[in-house]
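Next come the chains, spelled out residue by residue.
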Amino acid sequence: MSPYLVIPLLALVAVIQTTLLPIFLPGPVRPDLMLMLVVGWGVVHGGGQATLWGFGGGILLDLLAGTPFGLYSIAFGSIGFLADALQTTFFRSNILIPLATIFIATLMVYIGGAAAMQTLGYPISWAIYIFNIVLPTAILNTALMPLVYWALRRLDRVVRPRLTW
Amino acid sequence: MFDLLRSRVGVVFLLLLIVILGIVLRFTGNMGVVEDATFGVFSPVQELLIDVTNGVTNLFGGFQSVNELRAQVKQLQDQLNQSTLDRVRVRELESENAELRAQLEYKQANPDYLLSGATILENRARVLGQDPSALANFIVIDQGRADNVAVGMPIITPAGLVGRVTEVGTHWARVQLINDSSSSVNAVVQSSRATGIIQGQGRGSDLLIMRFLPLGEAVQEGDVILTSGISGTFPKRIVIGQVVQVNQRDTDLFTEALVRPSVDLQRLEYVLVMKRFTPTDITAEETPTPAPSPTATRRAPAPTVTPTQ
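Same order as they appear, the protein sequences are chains A and B. Each residue of the first sequence is one higher than the one before, starting from 1 at the first, in my numbering. Each residue of the second sequence is one higher than the one before, starting from 1 at the first, in my numbering.
Looking at chain B on its own, in the form it has when it is part of the complex (with noise of 0.2 Å):
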């Protein structure tokens, strides 16, 4: 016997006793002891295998955390990014909006006036002491002769005026600021009535000067400045500034005022561009009007100016 377990062909036949006695025990559904016995045997090895399995796979696992913590905090990071571009967006969006809806309320309330909104283009202002050659101050707008805009129109915001349009395209126009060195504008003081020429300092300075006040005018500093509408080459009562500074002297022929200009100049964005106005001389009047008013310019009735090239 233990000869026939010595040789090969005797192992085999054992094992081959071994697979039909399981596969009897099997059918007959006595397979449970062996079963018991060879998991007894087999399942702390298993467990070993499966606890160290187990422990590798967190090792890597850990790694792999890691690394999706890492694409996480990068996805996060994006995320954040883009909100904050979103807010910022936003918040231009909202800016825009009020501006362009005080625009459309400026329009709705000078119904005279044919206004035009136009998105600067180029605010040389803003660059100022950057540009060697940027001698003037002005600004370029993304409306011109295709949009029936022409040399002269007045530039307006809801705040004040902004300028004239000095030079003309097809689809931009040059618009000189109030406060280049070369503009004068006709206006009035709002509370005495004293007339004088607004004129620009050039580059370095934000203020309007005020020239030939007559001496002895009553204007202080807060008075606040229209356009005059005198020779009209601007819409009458459009405000300019606020006096900062009154100037005079007893061997001057006449007062000047340093006037702040109401519209921040630096930070242009939207503006309107006035293609026909009516023109009105407002110096006359006895009676200030502290803003422009639908029903001011319709008490006017005067005939319509269009700004040539």
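Looking at chain A on its own, in the form it has when it is part of the complex (with noise of 0.2 Å):
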């Protein structure tokens, strides 16, 4: 897929994700919308172009979110990786591939992230933030995937003739 249009799409997740979904949804469990877009496409295109969109899109939400700097760019790098991986392992059309994978991966990103917050110094109560942060997210980003599945193995078919990187 062309730079030209991963870069803007990229681009346009990331202010979504740190700028409208605060004001639609005030609470604190949010659809990670950038970390559903770096596994579903992974599992359905693979080919290590999820590894660039989790590395990209994570440099903007870093620069974007104020959060310390590489903590979004090195989990959704690293989750970008695996999807790739596991799109060469599975059949990606099974629906429960994508599912498990942004489960699993919600929590990853969410518990290492808070590690490596807690790391630098930022207090964590971790029962609360796990219960009342990290599984409702976990639960609502594999709850709304097959959406965002549906619509990114649209996009592959439109995309895949004209593949660059």
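Be careful, since some hints might not be right.
Calculated Cβ distances over 12 Å to all of chain A for the following chain B residues [what the hints assert, rightly or not]:
no.: 1; residue: 68
no.: 2; residue: 116
no.: 3; residue: 233
no.: 4; residue: 276
One side of the interface only, derived from the structure: several residues of chain B facing chain A at Cβ under 7 Å [said to hold, decoys possible]:
no.: 5; residue: 11
no.: 6; residue: 12
no.: 7; residue: 15
no.: 8; residue: 19
no.: 9; residue: 22
no.: 10; residue: 23
no.: 11; residue: 26
no.: 12; residue: 38
no.: 13; residue: 45
no.: 14; residue: 49
no.: 15; residue: 53
Worth flagging that the hints you see were computed from the coordinates, not collected in a lab. Glycine included, every Cβ here is placed at the ideal spot set by N, Cα and C.
Each chain sits in its own coordinate frame; assemble them with the hints.
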């Protein structure tokens, strides 16, 4: 997929996630669009692109969200790498694969991110964080994943002949 | 170098370098330049999105406000309705309070009477003309045999005579009103002491008729008619009404007068059952008493009469 399409897409998702979602969903639990995009594209398309999307999207989130730089980019890049690996291992049309992947990916990103934040000196109340934020977010992402997965499969059909990287 | 960038590994490597550089800049406190550049690019987009979002939110908020306003209007309407009901209830209570207070004062002013308050359960006088079988003008009160109410007991209000108990149940009693066509009450003209009999005219007329007034006796419009106490059926000096018309023809043996009851029999709500009173014939008295008073009743020692069933 052309970087001229990927970069605006990632930027749009990053802006939506950091600007619009907090307006519409002021609570602590929100769908993680960028994570769904990275995981979904990794499962749908694979070929190493999810790794790139993860790094790129993570960098944008790091810049726009104001979190310690590298937190999202490393986490999402790693998740994208795993998603790419899944695409080569499992048959991509199995809907359970993206569902399970996004659920596990959410747990990994959020718990890993919290651990990193705690390392950097941020106090984390783990029980509250896991039960009030991580698990509800994982469930929400899983619930919305079929929609993202369906959209990305359609996008994949459109862009696959013109893939450049 | 460019070939490396064209490969995915190269791009990943480049991105990793960017991340590492960013981390270094963050920890060295030099990230501000990058953030400024980033927000310089993205802030117009973010502001635009926020403006659009706020517009959409306000639009939906407007719809929501309309719904809230409707809910508020409904709530206020309910409150207004409740307030109206409360106001009506307060007026009713004030009216009831005034009436009961008047009854209490009447009881205190007439210690010889054993009076018991009663509430009207049914006022057939009020529904006259609606019930074809309602040949009689009567009311039903909420006191009966269990409350020692007996047939013949007078029923009054502080304003005057209402009627007489004609039928008693355990917890109810039927009262024949004085405007019933079969009702007869011995009466006296307050000013002239002329006696006669007050009878009802039945349905269709609110006025009573005073019959058997001797010819030539002075009865004029505006005269007050009281119970005379003759026969002991009713206590003396209970106000019955006021003369509104005098019919006197030379060919008649007696004079008749139309009397408007002092009690609005159509709007009775609370009455007093006179369970015991002292019967006195006031026709022999020379000095008329304008209204019932404690001294007047105390002046007339007589055996106490309790109407029996």
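Numbers of unmet hints, in rising order: none
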